[in-house]
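As you go down the protein sequences, you meet chains R and H in turn. Residue numbers for the first sequence follow my numbering, so the first one is -16 and each next one is one higher. Residue numbers for the second sequence follow my numbering, so the first one is 114 and each next one is one higher.
Derived from the structure by calculation, the hints contain no laboratory data. Treat each hint with caution, since some may be false.
Stated by the list, open to error - Examples of chain R residues lying across from chain H (beta carbon under 7 Å, computed): (1) Gly(-16); (2) Pro(-9); (3) Pro23; (4) Ser26; (5) Leu29; (6) Ile76; (7) Glu87; (8) Phe89; (9) Phe90; (10) Gln92.
To be verified - Negatives, chain R to chain H, calculated, CB over 12 Å: (11) Val(-13); (12) Thr0; (13) Lys3; (14) Thr40; (15) Gly44; (16) Thr65; (17) Ser66.
Even glycine gets a Cβ: it sits at the ideal position worked out from N, Cα and C.
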Amino acid sequence: GAVVSQHPSRVICKSGTSVKIECRSLDFQATTMFWYRQFPKQSLMLMATSNEGSKATYEQGVEKDKFLINHASLTLSTLTVTSAHPEDSSFYICSASPGGGGTEAFFGQGTRLTVV
Amino acid sequence: EDQVTQSPEALRLQEGESSSLNCSYTVSGLRGLFWYRQDPGKGPEFLFTLYSAGEEKEKERLKATLTKKESFLHITAPKPEDSATYLCAVLGGTASKLTFGTGTRLQVTL
Chain R
-16 GAVVSQHPSR
-6 VICKSGTSVK
4 IECRSLDFQA
14 TTMFWYRQFP
24 KQSLMLMATS
34 NEGSKATYEQ
44 GVEKDKFLIN
54 HASLTLSTLT
64 VTSAHPEDSS
74 FYICSASPGG
84 GGTEAFFGQG
94 TRLTVV
Chain H
114 EDQVTQSPEA
124 LRLQEGESSS
134 LNCSYTVSGL
144 RGLFWYRQDP
154 GKGPEFLFTL
164 YSAGEEKEKE
174 RLKATLTKKE
184 SFLHITAPKP
194 EDSATYLCAV
204 LGGTASKLTF
214 GTGTRLQVTL
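All chains, full assembly: derive it from the sequences and hints.
Listed below in C-alpha cells is the structure:
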C-alpha cells in the first residue's frame, strides 16, 4: 500500500508555544490530505481537509487560527498548533489517498502531543 | 448525513475462537466501505475496501463482506497478534472525506 509518513511521533511542548507536525506522502502525490484528532478510546475526529495550493477546509467547531494548515506541495502538508494549551494535548493523525479523496486513505503513524 | 455504527464495542476472544465484527451504515450512494486496523499509539492501517453488495475480500485470517446495510469482518482462528481496534469507514455520495465508526476493540488471549 501507499506510504504516508508523519513527524514527529511524539512531542512535548510548553503551554503558549507552537508546534508543527509534518505529513508526507512518500510514494504518491496528494492534492488532498486530511487531519484528524483522536481522544483516548475514541474514534477519529476529522479536523480539516488540506488542499494543495489553496486554503484548508475546517470542520465545524475547529478553530482555524489555532490549527494552521499549510499544503505547500503535492507531498507535504503541515499542521501547526499555535499557542498550545494543555487541552490541545491529543493524538493527531494525517491521511492521504493516492487516488484523491474518493478512494481508500492511508494514514501516518500519528503524533502524540503533550502540552505541559 | 452518513452514519456508521460498529458493534460490539469490545470483544474478547480466546485464541482460535472465530467471531465477526459488525459495521452498519447509512449512506447516500455508497462509493466505498473501508476496514482499518489500529494498534495503540499508531495510525490506522488499511485492510480492505468493499464497493458493492455481495463483495468479499480476504487477507490471512480476516474476511470482509458487504451487504446493502452492513459489513462484517470475520476473524477465523484469531491469534493474540490480531488484538487491535478495528475501524470501519464509509465514503458516500459526493463526499471526499471518510465517516468513521467508533471501532471494535478486539482482545485475543491465549
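Contradicted hints - numbers only: Hints 2, 3, 11 and 14 not satisfied by this model.
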